Amino acid sequence: MEGSDTYLIRPNHQHKFKPAIVKECIREIVRERLSGMQYDPEEVPELSRSLADCIKDKVKNSGFERYKLVVQVVIGEQRGQGVKMSSRCLWDSDTDSYAEDVFMNDSLFCVVAVFGSYYY
Amino acid sequence: MEEFNSGEEVVFNTDEASVSVKECIEGVIGGTDYNQSKVNQWTASIVEHSLTHLVKQGRPFKYIVNCTIMQKSGAGLHTANSCYWDTATDGSCTVRWENRTMYCVVSVFAVTL
Numbered sequence: 208m209e210g211s212d213t214y215l216i217r218p219n220h221q222h223k224f225k226p227a228i229v230k231e232c233i234r235e236i237v238r239e240r241l242s243g244m245q246y247d248p249e250e251v252p253e254l255s256r257s258l259a260d261c262i263k264d265k266v267k268n269s270g271f272e273r274y275k276l277v278v279q280v281v282i283g284e285q286r287g288q289g290v291k292m293s294s295r296c297l298w299d300s301d302t303d304s305y306a307e308d309v310f311m312n313d314s315l316f317c318v319v320a321v322f323g324s325y326y327y
Numbered sequence: 201m202e203e204f205n206s207g208e209e210v211v212f213n214t215d216e217a218s219v220s221v222k223e224c225i226e227g228v229i230g231g232t233d234y235n236q237s238k239v240n241q242w243t244a245s246i247v248e249h250s251l252t253h254l255v256k257q258g259r260p261f262k263y264i265v266n267c268t269i270m271q272k273s274g275a276g277l278h279t280a281n282s283c284y285w286d287t288a289t290d291g292s293c294t295v296r297w298e299n300r301t302m303y304c305v306v307s308v309f310a311v312t313l
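Protein chains in written order, with this note's numbering: chain A, 208 to 327; chain B, 201 to 313.
These aren't lab readings, by the way, just hints derived from the structure by calculation.
Among the hints, a few may not be true.
As the list claims (entries may be wrong) - Within a straight-line C-alpha distance of at most 25 Å, the following computed PhoX-like cross-link-like pairs (lysine-lysine) qualify:
#1 272/B x 291/A
#2 223/A x 267/A
#3 263/A x 225/A
#4 263/A x 223/A
#5 225/A x 275/A
#6 230/A x 263/A
#7 265/A x 225/A
#8 222/B x 238/B
#9 225/A x 267/A
#10 291/A x 238/B
#11 222/B x 291/A
#12 275/A x 256/B
As the structure is a computational prediction, the values presented were derived from the model and not from experiment.
Between the sequences and the hints, there should be enough to build the whole structure, so can you do that?
Printed below as a string of structure tokens:
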């Protein structure tokens, strides 16, 4: 990680991980890529991988330097089944945070979670 | 005076973590059938127990543990993740478990401080 200010152990307000902004990023990309898509077991593995990479690049370029990112994308078929997803994190709640979004249409559902961890 | 970090490279041990997580899953939902009203507390308790076991290892990591439980109905499910981190020291592991009525997928991500 280049540049000055490597002694900072807390991000200043502009550089803090803002869940609202990241949620917007996720929403745009997911809606653009998945609206009108049908669940196709051949395509979905590639689709979920490329969605994860796309979202990671977009969030990286939104100005959260000093943050390590983990992006998780889950895509499943809609057949009336029950699904539950939950997360727990052991981190510094002053500096770290997450954002998530859920997208559903008739044939599939997609959950995206982005976790940001500050690199001291 | 004992030093907390001896200055060696600490790397995330995926095998140890996946064994630990598998035990947690077995302990919580091993032998049960999918039950809509209990799913909430199952996911919460799998995630909490896994996190507690990971923390007991005493390594200098921040952890993110994610658990998904899905009823078996013939539907498909795919998970993908993309991470921006230090590939030398950080890592993740995913554990898949199933029984007659449900699938359970747990992902653990560990980033160094």
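Verification of the supplied hints:
With a CA separation close to 13 Å, the supplied pair residue 272/B and residue 291/A stays within the 25 Å bound. As the CA atoms of residue 223/A and residue 267/A are separated by approximately 13 Å, the hinted pair is consistent with the 25 Å bound. Between residue 263/A and residue 225/A the alpha-carbon distance is near 15 Å, which keeps this suggested pair within the 25 Å criterion. This hinted pair checks out: residue 263/A and residue 223/A have alpha carbons roughly 17 Å apart, not beyond 25 Å.
Between the alpha carbons of residue 225/A and residue 275/A the distance comes to roughly 14 Å, so the proposed pair stays at or under 25 Å and holds. For the given pair, residue 230/A sits about 12 Å from residue 263/A by alpha-carbon distance, which is consistent with the 25 Å threshold. Note on residue 265/A and residue 225/A: the hinted pairing holds, with a Cα-Cα distance of about 14 Å set against a maximum of 25 Å. Note on residue 222/B and residue 238/B: the hinted pairing holds, with a Cα-Cα distance of about 19 Å set against a maximum of 25 Å.
Taken as a hint, the residue 225/A and residue 267/A pair is honoured in the structure, with Cα atoms around 12 Å apart against an allowance of 25 Å. Note on residue 291/A and residue 238/B: the hinted pairing holds, with a Cα-Cα distance of about 10 Å set against a maximum of 25 Å. At roughly 18 Å between alpha-carbon atoms, residue 222/B and residue 291/A fall within 25 Å of each other, so this suggested pair holds. For the suggested pair residue 275/A and residue 256/B, the alpha carbons sit about 23 Å apart, so the restraint of at most 25 Å is met.
In terms of the numbered hints stated before, the structure departs from none.
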